[in-house]
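Given the sequences, and given the hints that come with them, work out the whole structure.
Residue numbers (this note's numbering): -2 to 174.
Certain hints may be false.
[Said to hold, decoys possible] Just the calculated beta-carbon pair ranges, DEER-fashion:
id, residue 1, residue 2, range
1, S99, A32, 22 to 28 Å
2, D64, G84, 29 to 35 Å
3, A57, G120, 25 to 31 Å
4, I125, D64, 22 to 28 Å
5, A111, V68, 32 to 38 Å
6, L142, E173, 18 to 24 Å
7, A58, M169, 39 to 45 Å
8, D64, D118, 50 to 56 Å
9, M169, S13, 16 to 22 Å
10, V61, I105, 33 to 39 Å
FYI, nobody ran anything at the bench for these hints, they're computed from the structure.
All residues carry an ideal CB built from backbone N, CA and C; glycine is no exception.
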Amino acid sequence: MSMQESEWGSALTRPSSTASSAAVLLGVWVLLLTAVNLFSGAYSSGFKVLWIGFITGDSAASNVVHDGFEVVADDIVFGLIGVALLGLGAMGIGKAVEGGFSAWVNGIPQGTIASSLFSPDGGFNRTIASWLIALGVGFYLYWSLMNTTWVDPGVYAVMIVMVSFGFAIHTMVDSES
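As structure tokens, this is what we get:
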């Protein structure tokens, strides 16, 4: 019996809509950070992130003064990672969701997260969960735009708690039904 023939083998080898959705969202976020870094600097006002140093924790090699549009190798690598994540996620969604990627995108407003923002039909827990996600993302975008710092670990710490708790509550509600 090959891995493809077994039930668990099939579960491991077919694309997951959840993992593919996460890859698409992460890819879009990486591409947004790449664009911000190219045009205005994502580290802070006037400073560009050097992604390899930033990710590895090397503070001496994590930023450089930014004067206008400037491309460095880090931007190219980080942008390619974003494109790869977006592409792999879109391919996975194309195989996992009926109607493909465009149907998935068109279904976002009718999905449980967006639809339960203003409707208690899915229950109070879903409404709270959706608002946690929206407030977390909103906080990150607002802080980043107002303070021109897109890679602040403290902002990530606040945002990720709200977003992850929101997704966890949605998952908990899904498991109850």
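Right, here's what the structure says about each hint:
no.	hint	verdict
1	S99 with A32: 22 to 28 Å	holds, 23 Å
2	D64 with G84: 29 to 35 Å	holds, 32 Å
3	A57 with G120: 25 to 31 Å	violated, 50 Å
4	I125 with D64: 22 to 28 Å	violated, 45 Å
5	A111 with V68: 32 to 38 Å	holds, 36 Å
6	L142 with E173: 18 to 24 Å	violated, 37 Å
7	A58 with M169: 39 to 45 Å	holds, 41 Å
8	D64 with D118: 50 to 56 Å	holds, 52 Å
9	M169 with S13: 16 to 22 Å	holds, 19 Å
10	V61 with I105: 33 to 39 Å	holds, 37 Å
Checked against the numbered hints listed earlier, the structure breaks hints 3, 4 and 6; every other hint is satisfied.
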